[in-house]
Amino acid sequence: MTDTNKAAPEPLLHIDNLGFSYGEKEILRGLDAQIGTGELVCIVGPSGAGKTTLLQCLSGLRPATSGAVRFRGRPIAGPPAEMAVVFQDYSHSLMPWLSALDNVALPLKSAGLGKKERQQRALEALEEVGLAGSEQKYPWQLSGGMQQRVAIARALAYRPAVIVMDEPFASVDAQTRADLEDLTLRVRQHLDITVLLVTHDIDEAVYLSDRVMVLAGKPTTVADMITVDLGRERDQIETKADPRFAGLRSQVYRLIRRPDAADAALAASGR
Amino acid sequence: MKPTRNPWARTGAGLAWHLWLPVLLVAGSLLLSQQFSSHYFPPLRTIAEQTWVIWFDGGGMAENLLPSLLRLLAGFCAAVVAGVLLGTLLGLMPRTEEALRPLTDSFRAIPGAALLPIALMFFGTGEAMKIVLIAFISMWPIMLNTIDGVRSVNPTLGQVMESFKLRPLDRFWHIYLPAAAPQVFAGARTALAIGVAVMVVVEMFGTPGGLGYFIRHAQENFQVVAMWTGMLVLGVFGYLLNALFRAFEKRILNWHHAMVAHTQGASS
Amino acid sequence: MRLLQAATVVGFLALWELFARTPTAAKADMPGALESLGRLGELLLTGKYWAALGSTTGSWAVALTASIVMGVPAGLAIGRSRKVFDSTKWSIDFLRTIPSVAFIPLALLLMGRTQAMVIVVAVIPAVWPLVIQAIYAGQQADPMLGRVARSFRLTLADRIRYVLAPDVLAFIWPGLRLATTAALLVTVSAELIGGSRGIGSEIMNAQIYNRSATLYAWVLTACFLGLLINAVLAVLQRKLLWWHPSLRGKQR
Chain A
1 MTDTNKAAPE PLLHIDNLGF SYGEKEILRG LDAQIGTGEL VCIVGPSGAG
51 KTTLLQCLSG LRPATSGAVR FRGRPIAGPP AEMAVVFQDY SHSLMPWLSA
101 LDNVALPLKS AGLGKKERQQ RALEALEEVG LAGSEQKYPW QLSGGMQQRV
151 AIARALAYRP AVIVMDEPFA SVDAQTRADL EDLTLRVRQH LDITVLLVTH
201 DIDEAVYLSD RVMVLAGKPT TVADMITVDL GRERDQIETK ADPRFAGLRS
251 QVYRLIRRPD AADAALAASG R
Chain B
1 MKPTRNPWAR TGAGLAWHLW LPVLLVAGSL LLSQQFSSHY FPPLRTIAEQ
51 TWVIWFDGGG MAENLLPSLL RLLAGFCAAV VAGVLLGTLL GLMPRTEEAL
101 RPLTDSFRAI PGAALLPIAL MFFGTGEAMK IVLIAFISMW PIMLNTIDGV
151 RSVNPTLGQV MESFKLRPLD RFWHIYLPAA APQVFAGART ALAIGVAVMV
201 VVEMFGTPGG LGYFIRHAQE NFQVVAMWTG MLVLGVFGYL LNALFRAFEK
251 RILNWHHAMV AHTQGASS
Chain C
1 MRLLQAATVV GFLALWELFA RTPTAAKADM PGALESLGRL GELLLTGKYW
51 AALGSTTGSW AVALTASIVM GVPAGLAIGR SRKVFDSTKW SIDFLRTIPS
101 VAFIPLALLL MGRTQAMVIV VAVIPAVWPL VIQAIYAGQQ ADPMLGRVAR
151 SFRLTLADRI RYVLAPDVLA FIWPGLRLAT TAALLVTVSA ELIGGSRGIG
201 SEIMNAQIYN RSATLYAWVL TACFLGLLIN AVLAVLQRKL LWWHPSLRGK
251 QR
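Line order of the protein sequences matches chains A, B and C.
Position 64, counted from 1, in the first sequence is what the numbering used here calls 64; the numbers after and before it change by one each time, with no gaps.
Position 52, counted from 1, in the second sequence is what the numbering used here calls 52; the numbers after and before it change by one each time, with no gaps.
Position 122, counted from 1, in the third sequence is what the numbering used here calls 122; the numbers after and before it change by one each time, with no gaps.
For reference, chain A alone in the conformation it holds in the complex (with noise of 0.2 Å):
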């Protein structure tokens, strides 16, 4: 088990005692993680477990209601020049009025980037994601997971140093997801990027993860932060067939089935 202060020296992002309250209701309670540059982690827990809320309070669309999140060791206050969000919701993240290029291209405009840089930059991201050649295709004419492609590429294009996404193959097919998934190894490979990415899918976490952050119990603490062990290369039928990877999945899965060993993992890592 990973100790979690012993985590790079100076992470790029973190998570200190962070808390959620609705008013009276508690959602999330004494948060604590570091993420290093370049990590890719995957926030993984029961639905209704807040993990959208956390995502939100981590890219600084929503102020925590105590605790802080520190990024680059200053606290956010809104959301960060350097941290892009790729929504679930990708039917509605994107504008149908403009074509693929146009909503990849739209931040950078607001970043104050000239005509000519804007599209050379959306361009390679789009060619990045494997969408060149439909540029000028609007998004209601492209798939579910073309659309998510724009997403990220959208993501891509305004350089962050970190990516955050808030479940973002929930709702493509299993194929679909599969290829968006190696894409996002791909990419975060490729541009050496960091990323975070919601997900209530196990196999998924286990599979895209550096590290897994497990949430659970009620209100919603971490219940581990599970190191996967299984290098940097991955690939769908492989890795899911390393017995690690099994041994991996079925420790998040009991620690999300019992919300007490939220408690567990805590003493055992001597807390």
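Rather than coming from a laboratory, the hints here were simulated on the basis of the structure.
Each residue gets a CB set at the ideal place from its N, CA and C atoms; glycine is no exception.
If you only want the chain B side, here are some residues facing chain C, beta carbon under 10 Å, derived:
#, residue
1, 18
2, 212
3, 231
Use these hints to put chains B and C onto chain A, whose structure you have.
Structure of chains B and C alone, referenced to chain A:
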């Protein structure tokens, strides 16, 4: 519909179905008005001839049609700009909008013509009065529809704007305006019809020049044929304006129509 | 929120009162809010006020009823048949774009300054939106519902009452709302231009005789009448169309 083998035959038949009634109506009134013409309903031929004499040969276009068109455009454009800006602001500030609702509800409830004397007292009978009144009265449907349209922006899109730090101007031009566009256009279509009606009324009371002025003047001097030519020109004016507006709307809302057609095609 | 809205109204009246004291307003002979409301109070006690208000409301109501009686069946009939629809499309498209106020001078020549003149002119803009919406109703009125009704062996009366009428009403409603507004606008316009008795002519008279407080009192009356009509429509919509998805939860 049953598939017809020859597409030319089908469009030909369709055209015939579209055409027969208008042709019959025009021909019928041509014949009837020739035979039973009264003082108030002069023969259509006379009206047509006089339309040529007054409006095309006699400079009626420049004297009365052009001023109408220009002031309508000025008033309508002002209404669109004001309606969209106010509507966007109020759409984004729901609490303010609700607090101001008694006022907006009241202003839009006033039958526009009732404001004419007030406008006359403030702005006189000249161009300013006409344009201000056209703009003020036709602004309301645009504003109300813009409020609804801006509110229809999906919350996810709101988060996209936040997280990608879109500038306020980019949000307005690239998110709120296009999202509200279908509803803005629906409001603007109503506004255009109201604008034309207000234009005619203000011209009837204002300084010379304009279709409304011409028709009223002809009526007051019992120039029945001239009055009819004015009504004919006004009818064609209204029709063309509406057609132009629809063509413009179709062009701007291209993405919207294509999307609707696409999703309907996919679901059926 | 109610309190805030009340404050808005009071604030508006205060602004009006203040503005009325500026030179700009003085030049336009604008009375203050209190003076106008006071004048309205005085008018409320006169029979003449109610006669004029009744005349306008009556013209409007008759015009609207006539538009419904003529427009809805005609539209439904047109919508039911593709051939009739094709035949009438261009004629309707042309006729409905003619601004109705253009007919006021003609109506004045034919009928003089009568209420009938006002009614005839007000029918013209009110009938088209109803026809158009009724055509949609005729074309699209849910055929599925008809089959359901038949399979449950509903009587003809029940079928009309429970199946046809609500469905058609939902289609016609937007047209009805446009028609009420248009009919009121043109009723007041026709009174204003033609001088037949009603709010419009009272406003014009007040302006001609320079009674500005009376003028504003009448404009307020026109506003209240419009508000009342909108309120009645809103209540009807809640009572009759609460079930319709596109109208559910909408207050406007």
